[in-house]
Structures are given as C-alpha cells and as structure tokens.
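A.B. asks: Now for the letters of each chain:
Protein chains: 2
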Amino acid sequence: MTEEEIINFDTADPLAAKRQHFELPTGKIYLNGNSLGPLSTAAKLRVREVIESQWGNDLISSWNRHRWIDLPLAVGEKIAPLIGAAPGQVLCCDSVSINLFKLLAAALANRRREHAVILSQQDIFPSDLYIAEGLIKLLRERGVSAELQLVPSRDLEQAVTKSPDVLMLSHVNFRTGAVHDMQRVTDLAHKNNTQVVWDLSHSAGAMELALDACQVDFAVGCGYKFLNGGPGAPAFLYVASRHQTGLQQPLQGWMGHRQPFEFEPHYQPDEGINQLQTGTPSILSMSALDAALSCFEGINAAQLREKSLALSEMFLSILEKDSTSSELTLVSPRSPHLRGAQLSFSHSQAFPISQALIEAGVIVDFRSPNLIRLGFSPLFLSFAEVAKGASSLTQIISEKLFWHERFSVRAKVT
Amino acid sequence: MTEEEIINFDTADPLAAKRQHFELPTGKIYLNGNSLGPLSTAAKLRVREVIESQWGNDLISSWNRHRWIDLPLAVGEKIAPLIGAAPGQVLCCDSVSINLFKLLAAALANRRREHAVILSQQDIFPSDLYIAEGLIKLLRERGVSAELQLVPSRDLEQAVTKSPDVLMLSHVNFRTGAVHDMQRVTDLAHKNNTQVVWDLSHSAGAMELALDACQVDFAVGCGYKFLNGGPGAPAFLYVASRHQTGLQQPLQGWMGHRQPFEFEPHYQPDEGINQLQTGTPSILSMSALDAALSCFEGINAAQLREKSLALSEMFLSILEKDSTSSELTLVSPRSPHLRGAQLSFSHSQAFPISQALIEAGVIVDFRSPNLIRLGFSPLFLSFAEVAKGASSLTQIISEKLFWHERFSVRAKVT
Numbered sequence: 000m001t002e003e004e005i006i007n008f009d010t011a012d013p014l015a016a017k018r019q020h021f022e023l024p025t026g027k028i029y030l031n032g033n034s035l036g037p038l039s040t041a042a043k044l045r046v047r048e049v050i051e052s053q054w055g056n057d058l059i060s061s062w063n064r065h066r067w068i069d070l071p072l073a074v075g076e077k078i079a080p081l082i083g084a085a086p087g088q089v090l091c092c093d094s095v096s097i098n099l100f101k102l103l104a105a106a107l108a109n110r111r112r113e114h115a116v117i118l119s120q121q122d123i124f125p126s127d128l129y130i131a132e133g134l135i136k137l138l139r140e141r142g143v144s145a146e147l148q149l150v151p152s153r154d155l156e157q158a159v160t161k162s163p164d165v166l167m168l169s170h171v172n173f174r175t176g177a178v179h180d181m182q183r184v185t186d187l188a189h190k191n192n193t194q195v196v197w198d199l200s201h202s203a204g205a206m207e208l209a210l211d212a213c214q215v216d217f218a219v220g221c222g223y224k225f226l227n228g229g230p231g232a233p234a235f236l237y238v239a240s241r242h243q244t245g246l247q248q249p250l251q252g253w254m255g256h257r258q259p260f261e262f263e264p265h266y267q268p269d270e271g272i273n274q275l276q277t278g279t280p281s282i283l284s285m286s287a288l289d290a291a292l293s294c295f296e297g298i299n300a301a302q303l304r305e306k307s308l309a310l311s312e313m314f315l316s317i318l319e320k321d322s323t324s325s326e327l328t329l330v331s332p333r334s335p336h337l338r339g340a341q342l343s344f345s346h347s348q349a350f351p352i353s354q355a356l357i358e359a360g361v362i363v364d365f366r367s368p369n370l371i372r373l374g375f376s377p378l379f380l381s382f383a384e385v386a387k388g389a390s391s392l393t394q395i396i397s398e399k400l401f402w403h404e405r406f407s408v409r410a411k412v413t
Numbered sequence: 000m001t002e003e004e005i006i007n008f009d010t011a012d013p014l015a016a017k018r019q020h021f022e023l024p025t026g027k028i029y030l031n032g033n034s035l036g037p038l039s040t041a042a043k044l045r046v047r048e049v050i051e052s053q054w055g056n057d058l059i060s061s062w063n064r065h066r067w068i069d070l071p072l073a074v075g076e077k078i079a080p081l082i083g084a085a086p087g088q089v090l091c092c093d094s095v096s097i098n099l100f101k102l103l104a105a106a107l108a109n110r111r112r113e114h115a116v117i118l119s120q121q122d123i124f125p126s127d128l129y130i131a132e133g134l135i136k137l138l139r140e141r142g143v144s145a146e147l148q149l150v151p152s153r154d155l156e157q158a159v160t161k162s163p164d165v166l167m168l169s170h171v172n173f174r175t176g177a178v179h180d181m182q183r184v185t186d187l188a189h190k191n192n193t194q195v196v197w198d199l200s201h202s203a204g205a206m207e208l209a210l211d212a213c214q215v216d217f218a219v220g221c222g223y224k225f226l227n228g229g230p231g232a233p234a235f236l237y238v239a240s241r242h243q244t245g246l247q248q249p250l251q252g253w254m255g256h257r258q259p260f261e262f263e264p265h266y267q268p269d270e271g272i273n274q275l276q277t278g279t280p281s282i283l284s285m286s287a288l289d290a291a292l293s294c295f296e297g298i299n300a301a302q303l304r305e306k307s308l309a310l311s312e313m314f315l316s317i318l319e320k321d322s323t324s325s326e327l328t329l330v331s332p333r334s335p336h337l338r339g340a341q342l343s344f345s346h347s348q349a350f351p352i353s354q355a356l357i358e359a360g361v362i363v364d365f366r367s368p369n370l371i372r373l374g375f376s377p378l379f380l381s382f383a384e385v386a387k388g389a390s391s392l393t394q395i396i397s398e399k400l401f402w403h404e405r406f407s408v409r410a411k412v413t
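Which chain is which? The protein sequence lines are A and B, in order. Residues 0 to 413 in numbering that gives the first Met the number 0 are what the first sequence spells out, letter by letter. Residues 0 to 413 in numbering that gives the first Met the number 0 are what the second sequence spells out, letter by letter.
Just chain A, with the same shape it has in the complex (with noise of 0.2 Å):
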C-alpha cells in the first residue's frame, strides 16, 4: 500500500474531522482504545465547569439547577441510538458488574422456575461470571435450586435448547473479538423460551447494534472504552420496554425510587428504566461521559462500524504482506464480518513484543499470557496511524527488536 492509497483513505473517511475532538498525545498511536478510551476536549471542558462552577459556587442546588438529578437517564439517551435502542431503555449506573447483577437477578424473577439456570460460556469477560456465580451462590446457600452453566462455544446452540432462565454471553469476546450473531442467538434463545443478557462493553459505539430490531431481553455495557467516558466511567443497562413492568431487581435504592425526595420507608420502582437506578450517581465521573458522547452527534453506528472494520482490514493487510509477520497467529476471525474492532494475535514473544510497540509508540495490549491485542477505535483513529502501527509490529518482528538489548529485561520477565 503507497503512502498515496493511506493518504485517500483518511481523505475520503467521514469520520476524519471527529479526531479534532481529542485529546490525544502527540507521537502516539493509540490502539488500546477498546481499554479505556481517549480524553475528549469536551469531557475536559465539561469536568472543568462541573467542578468549578456547578459544584464549586451553586454547590448543592446544582441537582436541579444543572440537571444532576437527570444525568442517568439523560445519558442513557444519548447511548440508546448506538446500540439501537427506542428511549425509555438505556439507563446510566453503576459499573457493568453491578448492573449485570441486577438484569440476571430481573431476569431470574422473570421466570422464577423451580431449578434456576443461567447459561454462559467459559470465556467471556470473568467479571460478568463471576456475578453470575455470587447470584447462584446466594441463592443456593440458602436452599434454593440454582445454577451456572458453563460451555464452549461450540456446544452454546445445544445447551440453549434444554431452555435455561438466562443466556449471559459477551457480543464480542474481549480476547479474540469474535462476535455473537445478536439476531440469531437472540431468536434461537427466544424459541427456547430463554430470555437472553447481552454485555455489549466490547461492541457499543464500535458496532452496529440493533437491540430492539432483535428483540434482546437485557443488556448491559462499558462507558469507558469505546464510548471514551473516561478510567472508570458509569456503565450503561438496556431492559426491553415489555420487560419494564413488574420488573424485580433487588438493588433498589433511592433515586429508583417512584418519589426519592418523599423519603417514604417502602420501596415503591419508579416506572420505566429510572427504577434501575439504585444509589446516588456519581456526577463527576457522569459528567465526563456525558460529554464524551457528545463526540458521537452527527454519525451512526453503521458509519462507526465500517470505519473500523476497514482499519482493521488495512492493518491486516499491510501485516499480511510481510513474511515475517507469518509468526503472528491471528486468534480473532479472518473475516471482518465475524469479529468486532479488535485484533488479536497469539506470538510465544507476546510480552517483549508489545513492549517494544509501546515504546515505539504504539500503545497495545498484552493479555496473559501470549496475546497481542489492538483496538480499532473508529472516532479518533487515522488510517495513516494504523498503517504505521502495522509497520512497527512487522519491523520489531523482522528485525527482532524484542530480542533487542534495551528489552531484553523486559523479555526475561516473560
């Protein structure tokens, strides 16, 4: 690929101008998007005012004065387009763990059979396993029939027709960026009479979902990564309107509360998506994802995901094109249609060999223990950055710079 060809993809993408909006340090590449996002020059400017202003000098009237009070919902509406969602469905809270507890606790209370059983599989994000696992466990140790199903995913068809409560499943895999077929796994769990919680931290606002045109049951997902909230940021929930009412979900605080400033001693949910609040939200880090989403205004998620697949593709491309890279073993699919933003390659020298990227500038992810993994975050990304990235990956391979003395500490540690 010439310098040309790079040059005429940048020119010709429409999301070029959106990379203006970060705050992005200069000499960097930064592939690790899908781990926590860039600053924006929004979510700066906006923690700024919050604490400076808001907070600082209209202190506690700034719950009504500057709308506190509504950012959980009010950011959840500016979520729900990208994952295809109707308002009235997506709500701001908490972190995914939390909210996760939350969906598989409704969910469970949805069906409420004599053996409780919810179905997963052994590889994705643990933090969603091992909620699942406390919520078993706490049933089960006070008597109650109940269960955690763990398969591969090859056998993930079969097992969804023996009807378990819950499927809990990952959309993209957080290791390989294999992706599920929302639609398909959706229908096939629906047929089974299954209900279906999708953890969407790996795909929304890098992906083209469309939650309520597959009729997904519950999802949840990350501020963080690709929807650039900052370390941290509050995570996101979605409950299908039919699920809405008579909804049951044991973390019920106050601002889900029907009237939380009539201090009433009994829990009355608020209707719609609000009754998943549970404590008082966090403003600052809120505030930041708010902001953060601004950066979306004017673009779809088709838009997004054709972005991202494409860089993928060029990286791919350009690495397939070297020999040397041939000792890189793709673990994420070959076909772009099947994986999410992300690239993962398997190499004996994952350790050192990221290393050497980071230090040449190209900011990757090492996941235990041999896993090279990039993040094709389509909002801030140039074409030109993934083609240099690619260059780097198959120079420090081909030269083996790894090996090189300023690594070598590094390399022994692996």
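Each hint can be trusted.
Put simply, identical chains are the same to the list, so a pair is met inside one copy or across any two.
Quick list of in silico lysine to aspartate or glutamate cross-link-like pairs, EDC-like style, CA-CA up to 16 Å:
no.: 1; residue 1: K399; residue 2: E326
no.: 2; residue 1: K161; residue 2: E113
no.: 3; residue 1: K43; residue 2: D57
no.: 4; residue 1: K190; residue 2: E156
no.: 5; residue 1: K27; residue 2: D57
no.: 6; residue 1: K387; residue 2: E3
no.: 7; residue 1: K136; residue 2: E146
no.: 8; residue 1: K77; residue 2: E296
no.: 9; residue 1: K43; residue 2: E22
None of these hints come from the bench; they were simulated from the model. Just so it is clear, the structure is predicted and the values come from calculations on it, not from any experiment.
Got chain A sorted already, so can you dock chain B onto it with the hints?
C.D. replies: Frame of chain A; chain B shown alone:
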C-alpha cells in the same frame, strides 16, 4: 453574644486554618455540608491533573503509573482513622446502597439460620431500607424464609432480644440528627447473637467514631457529605477483620478477585477487605474524594466533633435568646451529646423560611413536610458564619420576611 466573643471563638479554633483549603462562594454561609460537602482546592487540582495529564497523556498506563488501581484501598485507609478503624478494614467503592447490599448479604450468610431476619428502624435513611427490602424480596421470591422487621426507636432494644441475624441502623438520623450510642447498641446486639451494620453517612468526618473499640461488625458511609468528596462521590465500607475470612458477598466482581488480570473463569476472593470490590472503580470521582481527604490531615475526629458541637451550640444559644424563634420547634435532641452534626427545626412555614434563608445567602435544607435542616460541618465553617446564620434565621422569623412579597410565589407553593 458580642461580636468580640464570636471572634474569640474563631481565634481559638484549632481547625480555623482548614477553611482556606475550601473554595466556598463568597457571601454564602454553607450550612449544607451534610448534604454535599464543598469543593476543596485539593480536589479541584487533583481532578484536573487526573484528567489532563494522567488520562490525557498517560492513558491506559495510568492504572499502574499513577496507581489508579490502588485507589479503593488507599482511600479506605485515609477514611479509617476518622472512624476509629485499624488498617485493612475500610474500602472505598460503589455507593452506600450497593455497599449495604454486600454487607447485609454477607451478614446473613454468616448465620444462615432457617429464618433470616434483618431488624431496623422505620425512620432511617430510606435507601437503606429499600436495599434490605430488595435482598429480602430476592430470597423470598425463591421460597426462602426471610423478613425485614421495622420497629419504632423505643421498641428497638426489646426487638433485639429476639436475636435477629442483623441489626441495621443509621448512626445519626438523617432527619433529626439523633445519634445512637454505638457502644451500647452494639454490645446489646452481640449479647443477643446479632450482628450490627451501621450507616455512618451522617457521622464520618464530623463525629468521633470508634468502630474497632465498639467491636462493630460492619459499616457503610457516604463520601460526599462531611468527607467533601464531591457530588455522588464513591462511598466506603468497613468489615471488621474477624469477618473477612470466609466472607460471602454476592456482588463479586473482577476487582475483588485474587488475581484480576489472570482472567480466570471462577471467582477467588482476594484476601482482606479488597474482596469487597466489584467492578472498575470510578477514578475521576474517587480521585476527588482522595484529594478532599487530605484536608483532614493533622487533625483528629475528636477535634471535629468538638468544633461541630460548639458551632451548633452557638447557633442554638443565639436562637434561644430571641423570643420570636420560639415559633421553631427543635426536632434534634437539645443535649449536644445525643445529636450529630446537625440541627433540625420544624415549622409550619419551613419551606418559605428555608427559601428566605437561601435568598439571604444562608444555605440550608428543607425536608418535607416541615423541617429546616442545618449542617455544622466543622472543617470549613467559622463561628462568625454560624452566628450570622442564626441571626438571619431569627430576623426572617421575627420580621416575617418569609411572607415578604419577593417570597410570596414560593410561599404559595407550600
């Protein structure tokens, strides 16, 4: 009280210099630090640094480089001396409500009797009751025998003799400021084989607490009231060392795992208090709290308690000298040692009086239906301010300023 006497109070105040750490709006007397503590310069500068330099420049590497990963434990250790806890027992995470769910579930798991009982008071902060209700409902909908028992304050000691699994109480009542004798109630509970969970939201940072000395089992508390952590700041929890081994808490997320970055499919709780973590912590909000806690350096909880009581006693003495203020009914205990860092008064016109105070620059709380609530946060208030606040209140009442034309619209609202 003469002006000179008031000045003498401020001159003799060992905490007076702390005032300069806060960025309070000029012309306001902020008697609402019990709802939302004010902005400190430390918090402002720290969040700016975390956003602009750490997140902005160092991106994902900040988790290690700037020790974001250590914040929940580090902030917990800063709170520990304020509540009389030895190291290793306090953690900063999530919200009060979420943390309460963890601890109530853990306390029930400790006992695992056939019939689970949580005993509490009808008038504690409602979110605590909602959370307990949520846990009980989750168990009951699966056929487990479980109960949340609410009794009036006067029946509490009698009810404890029936040995509930858990006694859950607010240390300081959010409406009246009435304080429980922590030592006495905890002893009584233990004598009856009952564990206690204290909510310290209206105590921490303003009262002298001795959790270890009282042999408290569990506690939660708020980061955004007297600790000044900012709107929706993360909360904290306390688990006595003796309960940490074999603890069962259902909100088990990856941050509480023994080896979170090994991504194992099964949960292995970390040792010690860290097993109470759940999802990824909110770094922006937690950093603000961390910095705000630096304002407590060099002072101890006894000094905080002493000043807070002196402030509220001065307020009362000014009021009591004014005949018209007999219209106000003190709802808080008159004896200083029986109340926390607040005073609450009832008045049929509480709402317009609160509004008149706020218009006059004295920021107070109105609590439905008829309470005026004033917080005496010891870290930033001066005696001169409190005296001025008391004079404003007597003036508003004696001159019926709350019926004044400019308040007529608001007055009608009530």
